[in-house]
Every structure is written in C-alpha cells, then in structure tokens.
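2 protein chains.
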Amino acid sequence: MSSPRQMHLGCFILAAGHHIAGWRMPEAEAGSENLDLVVRVAQKAEQGKFDLVFLADAVNTRPDMHPSMVLRLEPLTLLAALSMVTKNIGLAATASTTYTEPYNLARYLGSIDHMSGGRCGWNIVTGAFADAAKNFGREKHPEHDERYAMATEFVACVKALWDSCEDGIWQLDKAAGRFIDAAKMHTPGFEGKYFSSKGPLNMSRMPQGYPVMIQAGASEAGRDVAGRIAEIVYAVHQDMGASKAFCDDLKRRAVSFGRSPDHIKIMPGVSAVIGGTEAEAKRKLEELGECADPKVALQVLAERLGHDLTGYDLDAPVPDLPPSGIMRGHAETLQALAKKDRLTLRQLRNFVAASMGHRLIVGTPEQVADGLQEWFEAGAADGFNIMPPWFPTAFDDFVDQVVPILQKRGLFRQEYTASTLRGHLGLPRPEWGG
Amino acid sequence: MSSPRQMHLGCFILAAGHHIAGWRMPEAEAGSENLDLVVRVAQKAEQGKFDLVFLADAVNTRPDMHPSMVLRLEPLTLLAALSMVTKNIGLAATASTTYTEPYNLARYLGSIDHMSGGRCGWNIVTGAFADAAKNFGREKHPEHDERYAMATEFVACVKALWDSCEDGIWQLDKAAGRFIDAAKMHTPGFEGKYFSSKGPLNMSRMPQGYPVMIQAGASEAGRDVAGRIAEIVYAVHQDMGASKAFCDDLKRRAVSFGRSPDHIKIMPGVSAVIGGTEAEAKRKLEELGECADPKVALQVLAERLGHDLTGYDLDAPVPDLPPSGIMRGHAETLQALAKKDRLTLRQLRNFVAASMGHRLIVGTPEQVADGLQEWFEAGAADGFNIMPPWFPTAFDDFVDQVVPILQKRGLFRQEYTASTLRGHLGLPRPEWGG
Chain A
1 MSSPRQMHLG
11 CFILAAGHHI
21 AGWRMPEAEA
31 GSENLDLVVR
41 VAQKAEQGKF
51 DLVFLADAVN
61 TRPDMHPSMV
71 LRLEPLTLLA
81 ALSMVTKNIG
91 LAATASTTYT
101 EPYNLARYLG
111 SIDHMSGGRC
121 GWNIVTGAFA
131 DAAKNFGREK
141 HPEHDERYAM
151 ATEFVACVKA
161 LWDSCEDGIW
171 QLDKAAGRFI
181 DAAKMHTPGF
191 EGKYFSSKGP
201 LNMSRMPQGY
211 PVMIQAGASE
221 AGRDVAGRIA
231 EIVYAVHQDM
241 GASKAFCDDL
251 KRRAVSFGRS
261 PDHIKIMPGV
271 SAVIGGTEAE
281 AKRKLEELGE
291 CADPKVALQV
301 LAERLGHDLT
311 GYDLDAPVPD
321 LPPSGIMRGH
331 AETLQALAKK
341 DRLTLRQLRN
351 FVAASMGHRL
361 IVGTPEQVAD
371 GLQEWFEAGA
381 ADGFNIMPPW
391 FPTAFDDFVD
401 QVVPILQKRG
411 LFRQEYTAST
421 LRGHLGLPRP
431 EWGG
Chain B
1 MSSPRQMHLG
11 CFILAAGHHI
21 AGWRMPEAEA
31 GSENLDLVVR
41 VAQKAEQGKF
51 DLVFLADAVN
61 TRPDMHPSMV
71 LRLEPLTLLA
81 ALSMVTKNIG
91 LAATASTTYT
101 EPYNLARYLG
111 SIDHMSGGRC
121 GWNIVTGAFA
131 DAAKNFGREK
141 HPEHDERYAM
151 ATEFVACVKA
161 LWDSCEDGIW
171 QLDKAAGRFI
181 DAAKMHTPGF
191 EGKYFSSKGP
201 LNMSRMPQGY
211 PVMIQAGASE
221 AGRDVAGRIA
231 EIVYAVHQDM
241 GASKAFCDDL
251 KRRAVSFGRS
261 PDHIKIMPGV
271 SAVIGGTEAE
281 AKRKLEELGE
291 CADPKVALQV
301 LAERLGHDLT
311 GYDLDAPVPD
321 LPPSGIMRGH
331 AETLQALAKK
341 DRLTLRQLRN
351 FVAASMGHRL
361 IVGTPEQVAD
371 GLQEWFEAGA
381 ADGFNIMPPW
391 FPTAFDDFVD
401 QVVPILQKRG
411 LFRQEYTAST
421 LRGHLGLPRP
431 EWGG
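Residue numbers (full-length UniProt numbering), protein chains in the order written: chain A, 1 to 434; chain B, 1 to 434.
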C-alpha cells in the first residue's frame with residue numbers, strides 16, 4: 001500500500017519579515033543580519049518537520065529596498081552555519097548563474113551538502129535586479145533570454161564538475177598506502193560558450209549527488225529550464241486555476257524531457273496572517289498596512305513590475321506596462337490581479353507590501369490549513385513556500401497552530417523519515433554522470 | 001606597566017596532516033572532507049588558547065597532490081560552520097584574488113566576521129597553481145607581477161565595499177519606522193583596471209571593520225603588498241638569521257607605509273614531531289618517512305620549486321633551477337637549504353615530504369618549546385603557524401604538552417582576553433573609510 005500524497009513545506013526566511021512593515025510589529029526581532037534569530041527560525045522549522053528552509057538573495061542593494069533585503073548575511077555562508085545547528089531539515093539558498101564562477105559555486109554548494117549530510121538545495125537564478133551588473137564590473141545585465149542560456153550552460157558545467165569523482169573514491173587504506181582510488185577521478189573538460197571549466201573539482205561526490213535544484217522562472221525560457229532540471233519550482237499565483245495550469249504545464253514539460261512528473265514539486269509562495277479569529281487576523285493585516293512605508297512599498301512594486309513607477313498617479317488604474325526582462329512571473333500575476341480586481345496603483349502597492357505579490361491567506365489556523373489543503377488537493381500545488389509576515393512569532397504561530405492541523409488531516413508528515421532533502425521530497429539521488 | 005610580549009599561535013589545519021604520510025599513522029583520522037575531525041581540531045586549538053585556526057586552499061586538484069589537498073571541503077563555507085562551534089578563536093582561510101569576484105568575496109568574508117562576532121581572517125593569495133586557470137575558463141594563469149597588481153587592486157576594491165556602510169547604520173526604531181540610517185549608506189563606485197564594483201555592499205560594516213589581512217608572498221612584489229596591507233605574514237624559513245632578516249625587512253616596509261611595526265605579525269610555519277624523548281620523536285619521523293609515497297613527495301616538491309622534476313636524477317645534487325613565478329618563497333628557501341647542506345634531489349624530496357619546506361622541530365615538548373622561544377626572542381618571529389604532521393593526536397600533543405610549557409614561561413596567554421581576532425593579535429579596528 002502506498003502512503004497518501006503529502007504536501008511539502010518550506011520556510012522562506014527573509015528575516016525582517018515578508019511584509020515590508022513586519023519588522024515594526026511588537027514581537028518582531030531585528031532583521032537579516034541577526035544570526036541568532038535565523039538559527040531559531042531554522043530550528044523552529046525543523047521542529048515543525050518542514051522539508052526545508054530557504055534563503056533568497058540578491059547581489060545589490062539600495063536604502064529603500066525591502067527591509068529584509070537591504071542589509072543581509074550572505075546565504076551560502078549562512079547555510080553552512082545552519083548545517084551545524086540543525087539535523088534533518090533541508091537547507092536551500094539562491095545563487096546566481098550570472099555573477100558567480102561555476103568552479104567556485106560547485107565547491108560552496110558541494111561543501112554545504114557534505115557538511116549537512118545531504119541537505120543542500122540550490123535556487124538557480126539568473127539575477128533579478130539589473131543594478132547587480134555594475135557591482136561586477138559590467139556595463140549591463142545580460143538580456144533575459146541570454147541569461148537563461150547562460151544558466152542552462154552553467155548548470156551543465158557544475159553538474160560535470162560535481163561528477164569529477166565517482167562515488168567511492170575514498171580508500172584510506174593505511175596499510176597499502178592507498179589514499180584515494182585515483183581511477184575514480186575524472187577531468188570533465190567542460191567547454192561552453194559562456195563558461196568553461198576543465199576540472200576535476202577538488203571534492204568527492206556529494207551525498208545527494210547534486211543539490212536539489214530549485215527554479216522560479218515563469219517565462220517561456222524559465223519554464224523550459226524548470227521542466228528540464230528543476231526539482232522544486234517556486235511560483236507566484238493568486239488564482240488556483242492559474243496555479244493548476246502552471247503545475248500541469250511544468251509537469252508536462254518535465255515528462256517531455258523524460259522525467260517523472262513526481263520529481264518536480266511546485267511550491268507557490270503563501271503568506272499567512274494568522275489570528276485567533278478571522279477578525280483578529282484582519283486587524284493584524286490592517287496594523288501591518290498602517291505601518292508600511294509607502295516609498296519602500298512602491299519600490300518593491302517597481303522591482304516586481306520591472307519599471308520605474310515615479311510619476312504615475314497612485315489613484316489611477318494600474319498602468320498597462322509591457323513586460324520587462326525582470327521577474328516576469330511576478331509582473332504577469334500582478335497585472336492579471338490588477339485587471340481582474342480593477343485595482344489602482346495605490347491598491348496594488350499596498351497588496352505587494354504585504355506579500356510581495358504572493359498569495360495571502362488571512363484567518364484562523366483552520367482557515368489557513370483549509371486554504372493550503374484546497375490548492376494541494378486540486379493539484380494546484382505540491383507544497384508551499386511559507387512566507388511569514390514577520391519573525392519569529394508569526395512563523396511560530398504557523399508551526400504551532402497550522403502544522404498540527406495539517407498533520408491531523410494526514411496532509412503533512414508527523415516525523416522525518418529521511419535525513420536528506422532528496423529524501424524528504426521523494427527525489428532520487430542522481431546517478432554518477434547523469 | 002605594559003605586559004610582556006607574547007607569541008601568537010595559529011593552527012594550520014590540513015586535515016590529512018602536513019606530512020604527506022601523516023594520514024597513515026595509526027592514530028590519524030581521515031582527511032580534509034572530515035567535518036567532525038576539523039571541528040574537534042578547531043575546538044582543541046581553542047582549548048589551547050590559540051589565536052587562530054587557518055585553512056589553506058587551492059582551486060585545482062590532481063590525484064597525486066598532497067593528500068590534504070586532493071579532495072577537500074571549501075574553506076569559506078567551512079569557516080562559517082566553525083563559527084557556530086567555537087567561541088573565541090580566530091577563523092582564517094585562503095581565498096584567491098585571481099579567481100573570485102570582489103563583491104562576492106566581500107560578502108563571504110563579511111558574513112563570516114558577522115556570524116563569528118569578529119573572528120575572521122583572510123589569507124590573500126594570487127593563486128599558486130597554474131592549473132587553476134583552466135578551471136575558470138582562462139587559457140593562462142596571469143604572470144607573477146600582474147597577479148600582484150591584481151591583488152592590490154582587489155584588496156582596495158573589497159575594502160571600499162566593506163566601507164559601504166558607516167558604523168551604526170542599524171536603527172530599528174519601530175515607533176518612528178526608521179529601519180536603517182540611509183545617510184550612512186554610501187556608493188563606493190570603485191573603478192580599477194582589473195576590477196570594478198559600484199556598490200554599495202548589501203551588508204553593514206563588519207565587527208572587525210575588515211577581516212585580519214594575511215599574506216604570504218616572499219617575492220619583492222609580495223613583500224611590498226605585505227608591507228602595505230598584511231597584518232599576519234606567513235613565511236617559510238629554515239634559518240633563524242634569514243627569518244630575522246625577513247621580519248626586519250617586512251617591519252621596515254610597514255613603517256615606510258606609515259604603519260606600526262607591531263601591526264604586522266610574522267608567523268613562520270613550524271612542523272613539530274613530538275616524542276617523550278628525542279629518540280622517540282626521531283623514530284616517529286623515520287616511520288613517517290618510510291610511509292611517504294615518493295611520487296606524491298616529488299610532485300609536492302615540483303609544485304614548490306615551480307618546475308616539473310621528471311627526468312632528473314634523484315641521487316644527483318638538487319638542480320639549480322631558475323625561480324618561476326610560483327611559490328617563490330618556498331623555492332628560494334629550499335634552494336638555499338639544498339646548497340647549504342649539499343642535498344641530493346632525493347634528500348630534498350624527503351625533507352619536503354615532512355613539512356612542505358617549513359621548519360621542522362623534532363624532539364621532546366621542551367625542545368619544541370625551546371625552538372619556538374629561541375626564534376621568538378631573537379626577533380625572527382612574532383608567532384608560529386603550527387603545522388602538525390597528522391591530526392588529531394599530533395596536534396593534541398602540541399596543545400597538551402608544548403602549550404603549557406610556553407604558558408609557564410610567560411611566552412603565551414593563559415586565557416583569552418579578547419573576543420575578536422584583532423583583539424588576540426593586538427591589532428586596531430580600522431577606522432571607517434580607512
């Protein structure tokens with residue numbers, strides 16, 4: 001008898017909170033450079049049997065950015081630190097294929113997988129903020145389609161490097177003086193248009209073979225990459241039907257590349273504002289809205305639409321701006337929402353302040369659980385990337401109040417049954433040379 | 001009353017041991033991917049009140065490399081992990097200015113300093129192995145002098161990025177809605193010949209201002225860089241007089257750049273083989289020598305001399321090879337030793353197998369302490385980079401048997417009196433914009 005399908009849960013740690021005013025809540029603690037807070041959140045997620053914690057990233061800043069992003073610890077080093085204070089939970093972070101070297105990134109992620117005993121995940125991004133280019137001595141952020149071509153090649157390159165050594169290379173035979181099995185070390189000799197790396201990588205094959213590959217592109221090029229290689233897909237959807245169509249499309253693409261539809265997990269973002277009653281939850285959201293900085297909120301919306309919004313009338317309908325090469329999934333979802341609900345720019349700005357465009361569920365723990373169950377059972381999601389409005393107590397409430405309901409309903413694990421992120425997700429360990 | 005001058009001690013962790021046959025000793029544990037071993041070594045060093053642990057690095061491998069280098073965890077992620085399981089000890093690693101991006105490395109090191117509460121050190125290398133170039137899609141390793149010009153610019157660039165934010169940028173004033181003091185964020189706009197980065201860096205100023213800067217170049221260009229910026233200098237010397245001359249030269253250079261001679265600490269490498277009696281220590285060294293793989297030993301020597309040695313007669317005198325652009329300090333020290341002691345290539349190979357060219361002290365704990373004291377008091381060293389022949393027990397012996405003698409003689413601290421690496425070394429925290 002096969003066990004019933006269960007949802008997967010990730011905790012998206014943006015430590016000043018996902019709501020732009022989250023940090024101002026009375027119980028919120030200081031932001032994204034607060035290691036002690038991040039450690040407690042990761043341990044709480046592990047207590048809640050989450051599949052993974054996830055750290056986003058960007059390689060630029062400005063003072064009016066989202067408070068969780070303006071100043072922050074670097075995610076790869078932070079994951080390495082978290083590997084020492086957690087035991088089971090997956091540890092994933094964003095790293096850019098546009099602004100890192102394959103040989104270096106292969107080592108960082110490989111080390112995290114080794115040190116954590118097989119818990120590393122990698123969110124492959126091509127760089128969502130055009131400002132980043134100038135931090136790397138380049139005049140221009142490459143165009144959208146070129147960034148995806150680079151990403152595809154980058155992934156092929158790091159996979160080749162990760163397969164430099166076959167499994168079982170360590171010998172450590174003191175008597176015979178045999179340290180490694182040299183015949184198991186190979187020189188990948190990867191040569192591409194954008195990236196070349198001869199290798200071998202100076203690291204044995206990692207416990208998971210490759211880290212769990214995460215992707216979030218919603219454009220045609222992004223979906224194509226996801227269908228080929230992604231094992232978790234982050235998505236931004238307000239509408240269950242749209243999310244279901246997205247899931248179906250991605251699983252179809254995966255199948256067309258010879259993959260199992262079960263090996264690509266679609267996990268839309270969800271921000272839950274939880275109250276003892278629905279009215280209390282709504283009051284919390286209102287309080288958050290009153291504390292939001294309108295300038296920062298407009299900047300966050302501008303990043304997501306990919307256009308500078310200064311000069312637009314806040315009380316006019318959302319302007320019909322053409323899609324840019326940046327954050328296309330967000331832009332499309334937000335434009336669709338604005339059209340459907342006839343929102344003004346001010347209304348859309350306030351919505352984005354709350355959840356950065358992701359689905360927002362406001363209510364009791366039961367209502368939140370219902371909202372997750374509905375999408376999960378409809379095939380509109382394999383799980384959810386939980387985006388608490390602030391840390392730590394808004395996330396504590398989710399773990400303490402929503403997770404037990406999901407467990408009681410048989411929708412979520414009671415205990416870990418695996419010790420690797422691939423294990424939690426039911427993903428196979430890739431064969432060597434795969 | 002000023003306290004007496006005390007030596008500084010670092011533990012150079014090459015986890016399969018510094019002697020190429022160290023891993024074969026009965027008590028040796030498996031090598032450089034063994035996180036648990038590295039954690040215990042770092043904790044032992046902290047128990048011994050060491051100033052720092054140090055992780056070397058290279059961005060290439062081959063099966064016949066030194067066993068500690070062939071397969072290894074990546075040092076920056078490893079330091080981040082160590083920051084969680086240690087409290088006081090400094091955490092330093094090598095990172096290359098030739099094969100990383102300033103914006104990325106500034107973040108990695110900055111995060112380690114934040115997470116460790118001010119314990120990060122950075123060994124600035126320009127890349128000692130020419131093979132590395134092809135791992136980064138480049139045809140050729142840049143020439144020696146160009147690598148140093150790049151390094152100088154790289155350091156200026158990361159310092160500018162580290163000073164993106166003035167101290168005290170965090171406000172976190174919930175009532176006023178004031179998250180940071182935006183006036184304290186600046187755009188460095190660094191533009192160089194090799195590296196440019198506009199900034200700002202997305203991180204507040206780190207606890208130490210900058211990580212402790214470590215350097216090991218022995219060439220004219222390397223000494224010049226060290227005199228300008230290094231706070232710890234690693235060196236390879238067999239002869240006390242040569243080491244004293246090196247110390248004097250570097251301190252003179254530092255003074256010529258307007259720095260205090262006390263703010264540049266010269267720490268030559270020392271490999272100690274410790275026995276209950278001198279005869280026992282010598283037997284251990286012999287046993288190690290018998291276990292050494294001659295092919296690997298010759299390869300290690302070839303790397304240090306910067307020349308392929310295949311075809312040379314092992315029983316003829318060491319050939320007088322011209323200095324290459326690689327590891328010049330090692331090459332010069334080894335050539336001088338070979339001349340002075342009229343060594344054959346085989347004898348030099350066996351010497352390098354033991355300590356990779358560094359000073360080797362073989363004897364009782366008292367003799368080892370004497371050997372350190374002599375150089376320290378002669379002004380030939382400010383401290384020592386301890387290179388145990390294997391881990392963990394050869395290092396445990398140093399901590400348990402040599403350190404107490406140094407402490408009893410007043411030559412080394414009994415307790416930590418600071419919580420940052422700068423504090424242990426008596427180095428000032430750099431002013432913002434310095």
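Some hints here could point you the wrong way.
Any copy will do: because identical chains look the same in the list, a pair fits if it lies in one copy or spans two.
[As the list claims (entries may be wrong)] The list that follows gives simulated cross-link-like pairs (lysine-lysine, DSS-like), each with its CA atoms no further than 27 Å apart:
#	residue 1	residue 2
1	Lys140	Lys193
2	Lys198	Lys339
3	Lys174	Lys44
4	Lys282	Lys174
5	Lys134	Lys193
6	Lys134	Lys184
7	Lys295	Lys184
8	Lys282	Lys295
9	Lys295	Lys198
10	Lys44	Lys87
11	Lys174	Lys340
12	Lys44	Lys339
13	Lys193	Lys159
14	Lys339	Lys408
It should be emphasised that the hints constitute simulated quantities derived from the structure, not laboratory data.
The hints, checked one at a time:
1. Taking identical chains as interchangeable, the C-alpha atoms of Lys140 and Lys193 lie at most 27 Å apart whether they share a chain (18 Å) or sit on different chains (18 Å).
2. Proximity of Lys198 to Lys339 under the C-alpha cut-off of 27 Å is found in neither arrangement, the shortest distances being 51 Å within a copy and 38 Å between copies.
3. Taking the shortest Cα distances, Lys174 and Lys44 sit within 27 Å of each other only across copies (25 Å), while inside one copy they are farther apart (43 Å).
4. Within a single copy, Lys282 and Lys174 get their C-alpha atoms only as close as 66 Å, which misses the 27 Å cut-off; across copies the closest is 21 Å, which meets it.
5. Both within a single protomer and between protomers do Lys134 and Lys193 lie at most 27 Å apart by alpha-carbon distance, with minima of 22 Å and 15 Å respectively.
6. Only between protomers do Lys134 and Lys184 lie at most 27 Å apart by alpha-carbon distance; the minimum there is 21 Å, versus 41 Å within a single protomer.
7. In this assembly of identical chains, Lys295 and Lys184 lie within 27 Å of each other by CA distance solely across copies; the values are 18 Å between and 57 Å within a copy.
8. For the identical chains of this complex, Lys282 and Lys295 are intra-copy neighbours only, at 23 Å inside a copy versus 72 Å across copies, given an alpha-carbon limit of 27 Å.
9. In this homomeric assembly, Lys295 and Lys198 come within 27 Å of each other (Cα to Cα) only across copies, at 23 Å, whereas the closest approach inside a single copy is 48 Å.
10. When the C-alpha separation of Lys44 and Lys87 is checked against a cutoff of 27 Å, the pair qualifies both within a copy, at 12 Å, and between copies, at 23 Å.
11. With identical chains, the CA atoms of Lys174 and Lys340 are never at most 27 Å apart, being 70 Å at best within one copy and 35 Å at best between copies.
12. With identical chains, the CA atoms of Lys44 and Lys339 are never at most 27 Å apart, being 39 Å at best within one copy and 64 Å at best between copies.
13. Within a single copy, Lys193 and Lys159 get their C-alpha atoms as close as 16 Å, which meets the 27 Å cut-off; across copies the closest is 33 Å, which misses it.
14. Taking the shortest alpha-carbon separations for Lys339 and Lys408, neither the intra-copy value of 39 Å nor the inter-copy value of 79 Å comes in at or below 27 Å.
Figure legend: structure checked against the earlier numbered hints; hints not met, in rising order: 2, 11, 12 and 14.
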